[in-house]
Amino acid sequence: DVKVTQSSRYLVKRTGEKVFLECVQDMDHENMFWYRQDPGLGLRLIYFSYDVKMKEKGDIPEGYSVSREKKERFSLILESASTNQTSMYLCASTPPGANTEAFFGQGTRLTVV
Amino acid sequence: AQRVTQPEKLLSVFKGAPVELKCNYSYSGSPELFWYVQYSRQRLQLLLRHISRESIKGFTADLNKGETSFHLKKPFAQEEDSAMYYCALTLYGGSQGNLIFGKGTKLSVKP
Numbered sequence: 001d002v003k004v005t006q007s008s009r010y011l012v013k014r015t016g017e018k019v020f021l022e023c024v025q026d027m028d029h030e031n032m033f034w035y036r037q038d039p040g041l042g043l044r045l046i047y048f049s050y051d052v053k054m055k056e057k058g059d060i061p062e063g064y065s066v067s068r069e070k071k072e073r074f075s076l077i078l079e080s081a082s083t084n085q086t087s088m089y090l091c092a093s094t095p096p097g098a099n100t101e102a103f104f105g106q107g108t109r110l111t112v113v
Numbered sequence: 114a115q116r117v118t119q120p121e122k123l124l125s126v127f128k129g130a131p132v133e134l135k136c137n138y139s140y141s142g143s144p145e146l147f148w149y150v151q152y153s154r155q156r157l158q159l160l161l162r163h164i165s166r167e168s169i170k171g172f173t174a175d176l177n178k179g180e181t182s183f184h185l186k187k188p189f190a191q192e193e194d195s196a197m198y199y200c201a202l203t204l205y206g207g208s209q210g211n212l213i214f215g216k217g218t219k220l221s222v223k224p
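Heads up: the sequence lines are chains A and B, in that order. Residue numbers for the first sequence follow the working numbering, so the first one is 1 and each next one is one higher. Residue numbers for the second sequence follow the working numbering, so the first one is 114 and each next one is one higher.
These are calculated hints, taken from the structure and not from any lab test. The reader is advised that the hints may include incorrect statements.
Said to hold, decoys possible - Example chain A residues on the side facing chain B (calculated, C-beta under 7 angstroms, incomplete): (1) G42; (2) F48; (3) N99; (4) A102; (5) F104; (6) Q106.
Heads up, the beta-carbon is just placed ideally off N, CA and C, and yes, glycines get one too.
Given these sequences and hints, build the entire structure.
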């Protein structure tokens, strides 16, 4: 059973703090993704990674960075959290190749106050 | 640029009625399209993919390249179908593909 695990279900952080969201998958998937999910806006891709130490910007990378030091772990970093980054963050992973299923974590609800 | 369009934010039908959730895409290559579903308090999960041409939970979706559409259909909706539905497209650029989602349609099936 594929597992994508996000380290926190709920987080509350202060404006200006550096925030780390962690995601771990146990299926040896090459590709990993970070999305934010907002009502009426759907899922928007922040960053994705197709290999260790590789990363590519998605549609909304501003204010975020990522780290992929190990294949199973993909971290999303908010360098200086702002209130407009309050959202649900979803991590996903896929194996390589066409038409592969994406497996999602349970989500992290981040509130920046 | 919007690559996947789901025109309806909310779709409300009665139990037993047919349902169609619309999805249009813009992509110049050969598209790989999916429908994902998120039930209340559950993870987002794959419902079906166009390459499989399968029916899952009574849902089907046909890729129409001429109309660039991948609408999701079910002839008789059930209350348990109430959920958020996302259409998604795999884009290939650089070395690997990334998965792009539409804004989602909330389906509400009334008793």
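Open item on the list: I'd like to know which numbered hints this structure contradicts. Please list them from smallest to largest.
Closed with: none
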